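**Student:** Residues per chain are reported as follows:
Number of protein chains: 2
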Amino acid sequence: MIKVSIIGSGNIAQHLIKAFAKTADIEIVQVIARTHTELLSLFAEYKIITNYEDMRQTDVVIIAVSDTAIAKVSAQITLKNTLIVHTSGTIPMEALDTSNPKGVFYPLQTFSKSKEVTFSEIPIAVEAENGESLLLLEKVAQSISNHVHHIDSSQRQTLHVAAVFVCNFVNHLYQIGNEICEANNLSFELLKPLIVETAHKILTLSPSDAQTGPAKREDTITINAHLKFLQHDTQKEIYKLLTQSIIDHGKKL
Amino acid sequence: MIKVSIIGSGNIAQHLIKAFAKTADIEIVQVIARTHTELLSLFAEYKIITNYEDMRQTDVVIIAVSDTAIAKVSAQITLKNTLIVHTSGTIPMEALDTSNPKGVFYPLQTFSKSKEVTFSEIPIAVEAENGESLLLLEKVAQSISNHVHHIDSSQRQTLHVAAVFVCNFVNHLYQIGNEICEANNLSFELLKPLIVETAHKILTLSPSDAQTGPAKREDTITINAHLKFLQHDTQKEIYKLLTQSIIDHGKKL
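These protein sequences, in sequence, are chains A and B.
Numbering-wise (this note's numbering), the first sequence opens with residue 291 and increments by one.
Numbering-wise (this note's numbering), the second sequence opens with residue 291 and increments by one.
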C-alpha cells in the first residue's frame with residue numbers, strides 16, 4: 291500500500307480524499323490543514339493536523355493548495371526522501387521549494403464542493419524529476435483514474451490555458467445565457483438539454499463540424515437583430531467578438 | 291393520426307422526419323424539397339415532391355428551411371385550412387405569408403446531420419394564432435418531445451439569443467481549445483471529460499456557483515501568464531474580455 295499525505299482543505303483536497311478513500315492501494319496517513327471544519331465529514335479528526343512538524347513519514351505528499359501558496363507550503367515540509375507533488379495546472383514543478391524529489395499531480399477537471407465527480411474518468415497529468423518518482427506517482431494516479439498521462443510543465447500550462455477556454459469561459463457563457471433568460475422571465479431549464487447536447491456532440495464530431503448558428507451561416511440579419519436585442523454592453527461585446535471569430539474561422543476552412 | 295408535411299431537406303427537416311417516423315400519432319404525408327439525395331435514406335422517394343402544386347391536404351405543414359427563405363416558401367403553399375408553421379428561433383410567426391392559420395414549432399437544439407439526438411428530451415417551443423391551432427401543434431410536438439412549451443415570438447427570440455451564447459459560442463470555445471492543443475501537440479481528447487463535466491455541473495449547480503478558474507479567483511499571475519502564452523490576437527482578446535466579465539460578475543455578487 292502506498293502511503294500518502296495531503297496538504298490542503300479546498301475543493302481538490304476534498305475530492306482527492308474521497309477518491310483515495312475508495313481504493314485499497316492508497317492509505318491517506320494525514321491531512322494537513324489550517325482549518326478542520328470542512329474535512330470532518332471526510333476524514334478521521336485525529337489524523338488531521340495543523341503543524342508541519344507533526345507530519346509522519348509517507349511515500350508521497352500531495353500539496354493541494356492555491357497556486358500562490360505552493361512554494362511557501364513546500365518549504366515547511368521537513369520530511370526526507372518523500373516525493374512532494376503539487377496539483378496545479380500552471381505552477382512549474384521547480385517551484386516546489388524542497389530538498390525532496392519533486393513532481394506534479396494535476397487532475398484536469400473542474401471541482402466544486404457540492405458536485406460529485408467520477409474520478410476514474412478524469413485525466414491526471416503526472417510529471418516527476420526522476421523515473422522512480424514518476425513510476426510511484428503513476429501508481430498513485432492509476433489507483434483513482436483510468437486516464438494517466440505523462441505531461442511536462444510546459445505542456446501542462448498549455449493544457450491549463452485550453453481548459454480555461456473550454457471550462458471556465460464556457461461556464462461564464464452559461465451564466466450569461468442564464469441572465470438573458472432571467473431578465474426576460476424565461477426558465478434557464480429550457481437551455482439545459484441544449485447545453486448538454488452541445489458538450490456531447492464534441493465526443494463524436496470535431497468542434498468545427500459541430501458548429502451551428504447564425505455566425506456560422508453568416509446570417510447578418512439575425513446577428514444584427516441579436517445585437518439590437520442585447521442591452522448589456524459586455525454581452526454585446528462578447529457577442530460581436532465571438533461572432534466575428536466564428537465567421538473568420540469559417541473563411542479559413 | 292395527425293397528417294403532417296415537411297418542407298425542407300436540411301438538418302432540422304431530416305431530424306424531424308426521423309423523429310416523426312418513430313411515432314404512431316403522426317403520418318408524414320409528403321416532404322417537399324428541391325434536392326432529394328439527402329432524403330432518400332429517410333423517406334419513400336415517391337412521397338418526396340418538388341412542386342408545391344403537388345402538395346396533398348394535411349393538418350399541418352412544417353416549413354423547415356433557412357430563415358431567409360421562410361416567407362417566400364410560405365407564399366407558395368396553395369393548400370387551404372391547413373396550419374402552416376416554421377421552425378425558426380428568430381423569425382416572427384407573422385412572417386409566414388399565407389392565408390392559412392399560422393404557427394411556430396421551434397425545437398431548441400443544435401442539429402448536425404451525423405449526430406443522432408434524443409428528441410424526447412428536446413424542448414419544443416410552440417406558438418399559434420388561435421387556440422385550436424395551438425392544441426393541434428401541441429399534439430404534434432408532444433408526439434416526439436416530453437418538453438413542450440407555449441412561447442410567443444418575442445420570448446422565442448430571447449431564447450434564441452441565449453441559445454447562441456450557451457451553444458454556438460460555447461462550441462467555438464471548444465474549437466479554440468482544440469486549436470491550442472493541436473498547436474502544441476496535445477490531444478484534444480484530454481479536454482473531453484472536462485467539457486462534459488462542465489456541462490453536467492449546470493444540471494445541479496447555478497452557473498454562478500459552478501464557476502471556477504483563475505478569473506473567478508482574480509489570480510492575476512496566472513491570467514498574465516496565460517495572456518503571455520497566447521500568440522493569436524483574437525484568442526488574446528477573447529481571453530481578456532471573458533476574464534474581465536467573470537471578474538466583474540464576481541464583484542456584483
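It should be emphasised that the hints constitute simulated quantities derived from the structure, not laboratory data.
Fair warning: this is a prediction, and the values are worked out from it, not measured in the lab.
Mixed in with the good hints, there may be bad ones.
The list makes no distinction among identical chains, and a pair is therefore deemed to hold if it is satisfied within one copy or across any two copies.
Straight line, CA to CA, 30 angstroms or less: simulated BS3-like cross-link-like pairs of lysine-lysine [said to hold, decoys possible]:
#  : residue 1 : residue 2
1  : K293      : K312
2  : K337      : K530
3  : K362      : K518
4  : K312      : K530
5  : K312      : K405
6  : K370      : K403
7  : K403      : K308
8  : K362      : K506
9  : K530      : K403
10 : K405      : K506
11 : K506      : K308
12 : K506      : K429
13 : K541      : K362
14 : K293      : K541
15 : K337      : K541
16 : K405      : K542
17 : K482      : K370
18 : K542      : K308
19 : K405      : K530
20 : K308      : K293
**Student:** Using 30 angstroms as the alpha-carbon threshold, which applies to K506 and K429: within, between, both, or neither?
**Tutor:** neither (45 angstroms within a copy, 33 angstroms between copies)
**Student:** Treating 30 angstroms as the Cα threshold, decide for K506 and K308: within, between, both or neither.
**Tutor:** between (43 angstroms within a copy, 25 angstroms between copies)
**Student:** Using 30 angstroms as the alpha-carbon threshold, which applies to K337 and K530: within, between, both, or neither?
**Tutor:** neither (53 angstroms within a copy, 43 angstroms between copies)
**Student:** From the Cα coordinates, with 30 angstroms as the cut-off, is the pair K403 and K308 best called within, between, both, or neither?
**Tutor:** within (11 angstroms within a copy, 41 angstroms between copies)
**Student:** Within, between, both or neither: how does the pair K312, K405 come out at a Cα-Cα threshold of 30 angstroms?
**Tutor:** Cα proximity of K312 and K405: one copy only (17 angstroms, versus 36 angstroms across).
**Student:** Please sort K308 with K293 into within, between, both or neither, judging by C-alpha distance up to 30 angstroms.
**Tutor:** Answer is within; shortest intra-copy Cα gap is 15 angstroms, inter-copy 55 angstroms.
**Student:** At most 30 angstroms between alpha carbons: which applies to K541 and K362, within, between, both or neither?
**Tutor:** So K541 and K362 pass the 30 angstroms test across copies only (28 angstroms; inside, 49 angstroms).
**Student:** Is it within a copy, between copies, both, or neither that the alpha carbon of K482 lies no farther than 30 angstroms from that of K370?
**Tutor:** Neither, since 51 angstroms and 38 angstroms both go past 30 angstroms.
**Student:** Give the relationship of K370 and K403 under a CA distance limit of 30 angstroms: within one copy only, between copies only, both, or neither.
**Tutor:** neither (33 angstroms within a copy, 59 angstroms between copies)
**Student:** What label fits K362 with K518 when the C-alpha limit is 30 angstroms: within, between, both, or neither?
**Tutor:** For K362 and K518, only the inter-copy Cα distance (25 angstroms) is at most 30 angstroms; the intra-copy one is 51 angstroms.
**Student:** Go through the copies and call it for K312 and K530: within, between, both or neither, with a Cα cutoff of 30 angstroms.
**Tutor:** neither (47 angstroms within a copy, 40 angstroms between copies)
**Student:** Regarding K542 and K308, is the shortest C-alpha distance of 30 angstroms or less found within a copy, between copies, in both, or in neither?
**Tutor:** neither (46 angstroms within a copy, 33 angstroms between copies)
Of the numbered hints given earlier, the model fails hints 2, 4, 6, 12, 14, 15, 17 and 18; all others are met.
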